[in-house]
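All chains, full assembly: derive it from the sequences and hints.
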Amino acid sequence: MKYLCLILLFCMGCSPVVQSPAIVSHVESTNGIVTVSTEGYGNDLREIKASSACNAISRLTFEGIAGSSYSRALVTNVDRKAERFIDGLAEGDWSRYVISISQESEAARFKGRTKVATFIVSLDVQTLRKALEEKGIVREFGF
Amino acid sequence: MRYFILGIFLCTHVLNGFCQDVNTVQPSILIMPYVSSGGNALELFESDNSYRSCIAAIEEAFQKRGFVTDDFQEALNRLKTDNQINSLNNIEFDWEKSIRDNSGADIVVKSEIIITPQSSGLNRMEIILKAVEKASSGALASLTPDVSIPYPDDAPTGTIAIKVLERNGQIDSFLDNLNDKFGAMVENGRVVKIEVYETDDSEYSLEDEVGDDYDYISDLLNDWISENSYKNYYKVKTGNRAIFYEIKIPLKDENGNNYNESLFERKMRKKIAEFCEMRDGVRPRVGRGDYQAAGLIKFYMP
Chain A
1 MKYLCLILLF CMGCSPVVQS PAIVSHVEST NGIVTVSTEG YGNDLREIKA
51 SSACNAISRL TFEGIAGSSY SRALVTNVDR KAERFIDGLA EGDWSRYVIS
101 ISQESEAARF KGRTKVATFI VSLDVQTLRK ALEEKGIVRE FGF
Chain B
1 MRYFILGIFL CTHVLNGFCQ DVNTVQPSIL IMPYVSSGGN ALELFESDNS
51 YRSCIAAIEE AFQKRGFVTD DFQEALNRLK TDNQINSLNN IEFDWEKSIR
101 DNSGADIVVK SEIIITPQSS GLNRMEIILK AVEKASSGAL ASLTPDVSIP
151 YPDDAPTGTI AIKVLERNGQ IDSFLDNLND KFGAMVENGR VVKIEVYETD
201 DSEYSLEDEV GDDYDYISDL LNDWISENSY KNYYKVKTGN RAIFYEIKIP
251 LKDENGNNYN ESLFERKMRK KIAEFCEMRD GVRPRVGRGD YQAAGLIKFY
301 MP
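Residue numbers (the working numbering), protein chains in the order written: chain A, 1 to 143; chain B, 1 to 302.
In short, the hints are calculated from the structure, not lab data. A couple of the hints might just be wrong.
Each computed DSS-like pair below joins lysine-lysine, with the alpha-carbon atoms no more than 25 Å apart [claimed, not checked]:
id, chain 1, residue 1, chain 2, residue 2
1, A, K135, A, K81
2, B, K271, B, K252
3, B, K110, B, K163
4, B, K181, A, K130
5, B, K270, B, K252
6, B, K252, A, K135
7, A, K81, B, K181
8, B, K64, A, K135
9, B, K298, A, K130
10, A, K135, B, K181
11, B, K231, B, K181
12, B, K271, B, K248
13, A, K130, B, K163
Rendered as structure tokens:
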């Protein structure tokens, strides 16, 4: 019984943390820049920051930011190229599209070792759109 | 081993060459001033600096997104040179049509700037944009004024115009729609309409039986259009005239060269002559209708 409990505890520790969709809300949008307040998850502040930026970019790209000038998704068809783009974001590409990022709330425990914090992220929509066009995810204007 | 590495290097190089994407060619866009309520946009453009600033602001909004625009002022200067005139006041010809026809632009965006004085002493500016594909006159996108900005008389109108366009992401949404519609046209072909008429002078009728199978000429035309329209899409109405509408023609031929309605017209004119066959050793001459509207091709039976 003791061993069974130990195994169960071990399994629980290894299971991935299921996160609810991050809250991304519009702060302001001016002249090709959209600023959002977004949650990020991670074990340390570096991870939480990256997660916040990725959440903001993904929301803008695939769903649009409600209440902003960019309420329409930039990408409507999620294919393998789009999936590779999401992978690239997680690997550090997010910094190309972020103009500024600042922490708004202290990191709080979410689940296990994972913490959650809110960041204010400003995104360069033009650069993001151009990158999506270059990667063939969004159709480039022309013949 | 050395040859093996060299082989791999060469293969990669060749494959890379094959896999390179074809560069997208950007269509050029002409921003055309437009007044719907009886006024003359050209006079406004020539005489009113603030109106010109608004048109320049619209051009700037397109350029910011990386779209290529033709300069309207340049198009106007060309029109003056071609018609050997210094001023466009009281001209009798259709300047809008002349500029559109002589411009190399693929898309024309009719731009209407509505300025309404308010009782408070301020003005309100609204902007309406309508993008049309020049070759087919097909509507691509429109921006209806759901935003207006109040401003005093001495405010720079170009800056106000930019604010109107950017408010609520109006211009982004318009350009997204334009991109989507243009992309769909590149994908599915450009729409043209073809009308073939019998006249009092026509020696051939659309219902003449020709060939070994005794087909009507109109049926042969039908078959030819079906084979040559992009993705075989078209609709037809026949009688003493044959009207083929919503024919889709590709924007590029099988070799990737530009293809347009003039090339389609040329092919079809020769085909009509071929279907009509020679009589008394004389090759029939197919008449071409006057140019009336973009995207409309007219023929008269020989």
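Going through the hints against the structure:
no.: 1; hint: A/K135 / A/K81; in the structure: holds (7 Å)
no.: 2; hint: B/K271 / B/K252; in the structure: holds (21 Å)
no.: 3; hint: B/K110 / B/K163; in the structure: holds (19 Å)
no.: 4; hint: B/K181 / A/K130; in the structure: holds (19 Å)
no.: 5; hint: B/K270 / B/K252; in the structure: holds (21 Å)
no.: 6; hint: B/K252 / A/K135; in the structure: holds (23 Å)
no.: 7; hint: A/K81 / B/K181; in the structure: holds (22 Å)
no.: 8; hint: B/K64 / A/K135; in the structure: holds (20 Å)
no.: 9; hint: B/K298 / A/K130; in the structure: violated (42 Å)
no.: 10; hint: A/K135 / B/K181; in the structure: holds (21 Å)
no.: 11; hint: B/K231 / B/K181; in the structure: holds (18 Å)
no.: 12; hint: B/K271 / B/K248; in the structure: holds (18 Å)
no.: 13; hint: A/K130 / B/K163; in the structure: holds (23 Å)
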